[in-house]
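With these hints in hand, go ahead and build the complete structure from the sequences.
In order, the protein sequences belong to chains V and Z. Each residue of the first sequence is one higher than the last, beginning at 179 in the working numbering. Each residue of the second sequence is one higher than the last, beginning at 462 in the working numbering.
For the record, the hints were derived by calculation from the structure and aren't laboratory data. What you are looking at is a predicted structure, and each value in this text was computed from that prediction instead of being measured. Be aware that a few hints might be false.
[As the list claims (entries may be wrong)] If you want a taste of the chain Z side facing chain V, the calculated C-beta under 10 Å gives, among others:
{"no.": "1", "residue": "H535"}
{"no.": "2", "residue": "V537"}
{"no.": "3", "residue": "F552"}
{"no.": "4", "residue": "D571"}
{"no.": "5", "residue": "P572"}
{"no.": "6", "residue": "V576"}
{"no.": "7", "residue": "S580"}
{"no.": "8", "residue": "E582"}
{"no.": "9", "residue": "N583"}
{"no.": "10", "residue": "I584"}
{"no.": "11", "residue": "G600"}
{"no.": "12", "residue": "T603"}
{"no.": "13", "residue": "E616"}
{"no.": "14", "residue": "I617"}
{"no.": "15", "residue": "S620"}
{"no.": "16", "residue": "V621"}
[Claimed, not checked] Under the rule of at most 25 Å between Cα atoms (straight-line distance), these lysine to aspartate or glutamate pairs were calculated in the DMTMM-like manner:
{"no.": "17", "chain 1": "V", "residue 1": "K559", "chain 2": "V", "residue 2": "D535"}
{"no.": "18", "chain 1": "V", "residue 1": "K559", "chain 2": "V", "residue 2": "E325"}
{"no.": "19", "chain 1": "V", "residue 1": "K559", "chain 2": "Z", "residue 2": "E525"}
{"no.": "20", "chain 1": "V", "residue 1": "K559", "chain 2": "V", "residue 2": "D522"}
{"no.": "21", "chain 1": "V", "residue 1": "K231", "chain 2": "V", "residue 2": "D339"}
{"no.": "22", "chain 1": "V", "residue 1": "K231", "chain 2": "Z", "residue 2": "E525"}
{"no.": "23", "chain 1": "V", "residue 1": "K559", "chain 2": "V", "residue 2": "E524"}
{"no.": "24", "chain 1": "V", "residue 1": "K231", "chain 2": "V", "residue 2": "E350"}
{"no.": "25", "chain 1": "V", "residue 1": "K231", "chain 2": "Z", "residue 2": "E570"}
Glycine included, each C-beta is placed from N, C-alpha and C at the ideal position.
Letter by letter, the chains look like this.
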Amino acid sequence: MKKIPITVIACAILVAIDCIPAANAMAAVKLPYEKGKTFVVTQGYDSLPTHTKQDRYALDFTRNGCDAYGMNVVAAASGTVIFVGQHGYNGGYGTELILGHGNNIVSRYAHMIPGSIMVADGDAIRQGQPLGLIGDTGLVIGTACAEHPGTHLHFSMDTMDGIGGFSAYDPEPISGYSNMMVGKWYLSDNGEDDSAEIATSSAPVASLLIVESSTDNTTDVAIDPDDDVSSTDEVALPFPPTIPDPAPDESAVAEDELPIAGGVTSVPAVTPPEVDSDTGAIDVPVDTTSTPDDVSSSTPTSTPALPLISTPGNLTADFDGIWMLLNLSWATSTDLAQPTDRIDYEMNYTTSTSFSDDAWVAPGQISVVVGNSYLIGLRAKDTDGNISDIATTTWNFPPGFAPYKLSAQLGSASQYFVVPATSTLVSIRIFTSNFQTSARYITNIFCYLQLSDERGLPPENVTQADGGVSGIDCGNSPTFFFSSSPIVLYPDHRYQWTLTATTGNPSTGAAVYFYGTMVNTAEGPFSDPSLVNAKFTVTGDSGVLFSN
Amino acid sequence: MKKQLRGSLLFGAVIAVAVACATFFIVEHYGARAVSAPHPQSVAVRNFSGDGYSFGIPVDWNIERTASGTVAVHPVTATSGVACKIEMSSFSYASGTDMADWISRRIGEDPSLAVVEHSTENISLASGTGVEWVGTIDGIPTNLVYAFNGGRAYEIAPSVIGEGPDGSVPCDEVLRTFLSGLTI
Numbered sequence: 179m180k181k182i183p184i185t186v187i188a189c190a191i192l193v194a195i196d197c198i199p200a201a202n203a204m205a206a207v208k209l210p211y212e213k214g215k216t217f218v219v220t221q222g223y224d225s226l227p228t229h230t231k232q233d234r235y236a237l238d239f240t241r242n243g244c245d246a247y248g249m250n251v252v253a254a255a256s257g258t259v260i261f262v263g264q265h266g267y268n269g270g271y272g273t274e275l276i277l278g279h280g281n282n283i284v285s286r287y288a289h290m291i292p293g294s295i296m297v298a299d300g301d302a303i304r305q306g307q308p309l310g311l312i313g314d315t316g317l318v319i320g321t322a323c324a325e326h327p328g329t330h331l332h333f334s335m336d337t338m339d340g341i342g343g344f345s346a347y348d349p350e351p352i353s354g355y356s357n358m359m360v361g362k363w364y365l366s367d368n369g370e371d372d373s374a375e376i377a378t379s380s381a382p383v384a385s386l387l388i389v390e391s392s393t394d395n396t397t398d399v400a401i402d403p404d405d406d407v408s409s410t411d412e413v414a415l416p417f418p419p420t421i422p423d424p425a426p427d428e429s430a431v432a433e434d435e436l437p438i439a440g441g442v443t444s445v446p447a448v449t450p451p452e453v454d455s456d457t458g459a460i461d462v463p464v465d466t467t468s469t470p471d472d473v474s475s476s477t478p479t480s481t482p483a484l485p486l487i488s489t490p491g492n493l494t495a496d497f498d499g500i501w502m503l504l505n506l507s508w509a510t511s512t513d514l515a516q517p518t519d520r521i522d523y524e525m526n527y528t529t530s531t532s533f534s535d536d537a538w539v540a541p542g543q544i545s546v547v548v549g550n551s552y553l554i555g556l557r558a559k560d561t562d563g564n565i566s567d568i569a570t571t572t573w574n575f576p577p578g579f580a581p582y583k584l585s586a587q588l589g590s591a592s593q594y595f596v597v598p599a600t601s602t603l604v605s606i607r608i609f610t611s612n613f614q615t616s617a618r619y620i621t622n623i624f625c626y627l628q629l630s631d632e633r634g635l636p637p638e639n640v641t642q643a644d645g646g647v648s649g650i651d652c653g654n655s656p657t658f659f660f661s662s663s664p665i666v667l668y669p670d671h672r673y674q675w676t677l678t679a680t681t682g683n684p685s686t687g688a689a690v691y692f693y694g695t696m697v698n699t700a701e702g703p704f705s706d707p708s709l710v711n712a713k714f715t716v717t718g719d720s721g722v723l724f725s726n
Numbered sequence: 462m463k464k465q466l467r468g469s470l471l472f473g474a475v476i477a478v479a480v481a482c483a484t485f486f487i488v489e490h491y492g493a494r495a496v497s498a499p500h501p502q503s504v505a506v507r508n509f510s511g512d513g514y515s516f517g518i519p520v521d522w523n524i525e526r527t528a529s530g531t532v533a534v535h536p537v538t539a540t541s542g543v544a545c546k547i548e549m550s551s552f553s554y555a556s557g558t559d560m561a562d563w564i565s566r567r568i569g570e571d572p573s574l575a576v577v578e579h580s581t582e583n584i585s586l587a588s589g590t591g592v593e594w595v596g597t598i599d600g601i602p603t604n605l606v607y608a609f610n611g612g613r614a615y616e617i618a619p620s621v622i623g624e625g626p627d628g629s630v631p632c633d634e635v636l637r638t639f640l641s642g643l644t645i
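Structure representation (structure tokens):
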């Protein structure tokens with residue numbers, strides 16, 4: 179067995195940046211996104227509010243709309259992973275990664291999609307190797323992408339002083355560019371050699387889709403296509419010279435980082451590009467109907483005989499009747515031809531038996547109609563447009579899940595009553611078999627009954643000090659007994675019972691809503707007049723005091 | 462006409478009584494630590510549940526979620542003109558771990574950050590409690606809220622993503638709205 183010198187092991191385990199020979203420390207820095215892609219700088223060097231101090235040489239990159247969201251972040255230079263923050267705020271950097279490049283020089287890639295980082299602490303990284311996916315985590319701003327506001331890549335470089343201090347490090351030239359500025363678009367030449375081994379350690383996690391049923395149709399923010407749109411856009415002189423990225427297809431809205439508080443909210447505007455006669459920058463007509471057509475040397479030129487993407491499998495659908503969520507899960511796909519390609523998923527759903535070709539959509543909200551059977555489909559698509567086979571499943575709303583009226587939603591059900599004679603209250607029974615709730619079934623929901631005497635505002639609470647009789651299962655028309663603390667009811671008072679329900683523990687359980695499908699009559703309305711009345715019986719020590 | 466008016470007034474009073482009664486009950490039921498009652502019946506909410514938590518937010522807020530236990534909510538910027546993003550991340554948390562130590566380790570996780578703590582205090586959620594950390598990170602004023610539930614810890618981080626016409630940064634209001642609907 180080959181022995182590995184302990185110094186080598188130490189180098190691999192400990193902070194690796196100092197172990198990389200200076201001679202091989204860092205080749206020329208390249209743009210931190212894929213070869214052939216163009217991004218615009220939205221916050222440049224030494225600018226408020228955030229690109230100061232150790233971030234003085236930071237750059238924020240993005241593209242129009244949500245186009246940048248989910249695109250690959252690649253290593254600006256070869257090095258070793260020294261910090262991965264996969265989740266959380268991380269001081270505003272969100273999901274971030276720091277690479278060490280030797281000679282105490284590090285680079286930071288921030289605001290990525292949670293869970294998207296493909297490498298781990300200590301991994302050796304090649305220049306151009308994918309690291310994660312551009313996102314909007316942490317402290318970001320922006321309005322260009324309504325679904326993921328503030329999507330951008332924060333890239334900066336620092337030097338470490340060895341005692342925990344970081345100082346800004348000038349990364350230029352980057353891919354041959356110098357004096358990089360806000361509003362300029364830059365074409366990346368940063369890609370791995372075709373012969374290079376791809377060293378991603380894991381695919382992005384993307385197996386859960388939650389589709390919400392909601393009362394409104396508000397989902398996206400429309401971006402005014404006229405905003406800040408120029409008829410021509412300048413493309414910064416490519417390096418090396420190549421076909422420039424077509425100009426943006428919609429408004430370029432600056433995105434940036436801001437402090438949480440303090441009121442500093444200026445947003446640098448993206449300057450419409452201009453023709454530079456000295457450098458030969460190129461005018462490119464704006465195509466407002468298509469996304470930028472990225473230059474890629476690896477785009478397949480022939481139709482494959484077999485699907486390039488494996489079919490997503492194990493598609494399942496489950497409806498959470500409490501929260502009105504349709505949860506889909508599936509096994510992720512693999513791009514067999516280009517494993518590093520980003521894979522997006524598209525879903526389709528229909529009450530028919532086949533899918534409409536034009537109904538494939540990004541995962542989003544489904545407005546379901548209770549009682550229907552839905553055919554749900556899922557497919558994967560890579561950045562070259564190759565599409566997988568379709569995984570399908572069907573899902574039925576269960577019989578008995580009554581049509582619900584969100585307009586009649588009640589956090590609690592309540593009803594008024596009066597009693598014919600003075601009596602000591604013994605029990606109140608609510609016939610919950612007549613209730614419909616936001617939960618699929620009314621059983622296994624804990625009910626709490628409050629009784630009030632409407633003699634003043636607010637009504638006096640006449641039940642026990644704990645706020646009511648608690649912890650009774652709602653199913654099977656529960657009876658709430660008051661024997662432990664006798665309550666006298668008077669005929670000239672008006673009383674109100676209020677039934678509240680939660681799932682699970684009363685202190686942590688989720689509220690359950692009642693819906694009005696009751697058929698009985700009683701004195702007084704529900705607090706929501708669109709509901710008919712509930713059946714209930716009030717019993718005192720002299721017998722039934724009220725029954726409807 | 463007078464009778465109709467009296468009927469309307471009576472009906473309004475009934476509604477007011479019902480709402481007041483429900484609010485009273487909920488506050489009583491959930492205890493004095495509740496920052497507010499769950500969303501009133503008249504306010505449409507979008508409910509969401511995750512690993513050990515759930516929340517209700519106004520229906521005109523967007524929800525982003527990844528499969529990794531992170532969720533972000535934000536009002537629709539085009540309609541409100543101002544917006545904050547509230548990002549909530551979930552972490553494993555060993556039962557018995559000192560919460561203050563956990564928070565300190567968490568905030569100091571990134572070796573490149575200069576962290577200065579100004580204060581920490583307990584705050585109330587719709588159900589459960591949290592700890593609000595106030596300080597600066599790399600000189601940027603920062604508020605973070607942490608909550609714990611069994612084996613999970615949750616980090617709630619607001620970010621400004623716009624400003625009001627008057628230049629205000631009402632992220633705190635959005636954060637409080639979110640916390641008032643959050644159950645851990």
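Hints, one by one, checked against the model:
1. H535: 6 Å, holds
2. V537: 5 Å, holds
3. F552: 6 Å, holds
4. D571: 5 Å, holds
5. P572: P572 of chain Z check passes; min Cβ-Cβ to chain V is 6 Å, inside 10 Å.
6. V576: Nearest chain V Cβ about 7 Å off; hint holds.
7. S580: 14 Å, violated
8. E582: 16 Å, violated
9. N583: Since the shortest Cβ distance to chain V is 16 Å, the answer is violated.
10. I584: Check failed: Cβ of I584 of chain Z comes no nearer than 16 Å to chain V, outside 10 Å.
11. G600: 7 Å, holds
12. T603: 5 Å, holds
13. E616: 5 Å, holds
14. I617: This interface hint holds because 9 Å falls under the 10 Å limit.
15. S620: 5 Å, holds
16. V621: 5 Å, holds
17. V:K559 to V:D535: Given pair K559 of chain V, D535 of chain V holds - Cα atoms ~14 Å apart, limit 25 Å.
18. V:K559 to V:E325: Holds, at roughly 20 Å.
19. V:K559 to Z:E525: 21 Å, holds
20. V:K559 to V:D522: The hint holds at about 5 Å.
21. V:K231 to V:D339: 14 Å, holds
22. V:K231 to Z:E525: Violated. K231 of chain V to E525 of chain Z sits at ~32 Å, over the 25 Å cutoff.
23. V:K559 to V:E524: The given pair, whose Cα atoms are some 8 Å apart, holds under the 25 Å limit.
24. V:K231 to V:E350: Holds, because 17 Å separates the two Cα atoms, which is no more than 25 Å.
25. V:K231 to Z:E570: Holds. K231 of chain V to E570 of chain Z sits at ~20 Å (cutoff 25 Å).
Violated hints for the displayed structure, listed by number in ascending order: 7, 8, 9, 10, 22.
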